Structure formats: C-alpha cells, structure tokens
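Student: Number 59 in the UniProt record's numbering belongs to position 59 of the sequence shown; there are no gaps in the numbering.
Keep in mind that the hints are not guaranteed to be accurate.
To be verified - The calculated EDC-like cross-link candidates involving lysine to aspartate or glutamate, where the alpha carbons are at most 20 Å apart (straight line), are:
| # | residue 1 | residue 2 |
| --- | --- | --- |
| 1 | Lys49 | Asp71 |
| 2 | Lys49 | Glu65 |
| 3 | Lys49 | Asp64 |
| 4 | Lys49 | Glu72 |
Quick caveat, the hints were computed from the structure, so don't treat them as lab data.
This one's a predicted model, so the numbers in the text were calculated from it and none came from an experiment.
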Amino acid sequence: MWWQTAVAAPLPHPPQPDTYKHFPYAVSGPVPPSLYHAGQVLNSCTQPKSYAISFDDGPGQLTDELLDYLDEQHLKVTFFMNGDNWSCIY
C-alpha cells in the first residue's frame, strides 16, 4: 500500500514552500475577508460512493505525495483551512 511505503521510508527534509508543485505560492497573514463564505454544514456524504476524510495539521511532508496519488486515481477532493495556522506550511 502506498502509505505503508511512505511511513517505512525515512522522511526527507521538507522542501521550501516555493518548491511545492501543488502550492505554487507562499501564503502569510490572516484569511482575507473576501474569502469568508458562509456555507452549509454537512455531517454526512451527500453523494453515493463518496467519503469524507479529514487531515489535521497539514499540509505536511507527505502532502505532495498524497495529492499526486489523488491525481493519479482521478479522485476529486476538497480541502479547507481553519484555525490560526492556515498559512503555515510547517
């Protein structure tokens, strides 16, 4: 399984934020007011064969690998940011 290989391998030093393929820009500061949106609260999946997965304290050292895997599998995902560390890569 892809995650067992990733866990068993030694973790490399994390690259600098500007080298991330999926995060091509650095972000800093609080969320701009233009990004505040009121949305619907969901507590279950609304589509058949769909799953909700939550990752805490990311992005992390394996984020690019996870995003590549999701891309290869043609899986559509939605990420959201919350809390005080939304702009922190590490």
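Student: If a hint holds in the structure, say so; if it does not, say that too.
Tutor: Against the structure, the hints:
1. The straight-line distance between the Cα atoms of Lys49 and Asp71 is roughly 18 Å, inside the 20 Å bound, and the hint therefore holds.
2. Distance restraint check for Lys49 and Glu65: the Cα-Cα separation of roughly 23 Å exceeds the 20 Å cut-off, and the hinted pair is therefore not satisfied.
3. With a C-alpha separation of about 25 Å, the suggested pair Lys49 and Asp64 falls outside the 20 Å cut-off, and the hint is violated.
4. Restraint check for Lys49 and Glu72: satisfied, since their Cα atoms lie roughly 18 Å apart, inside the 20 Å limit.
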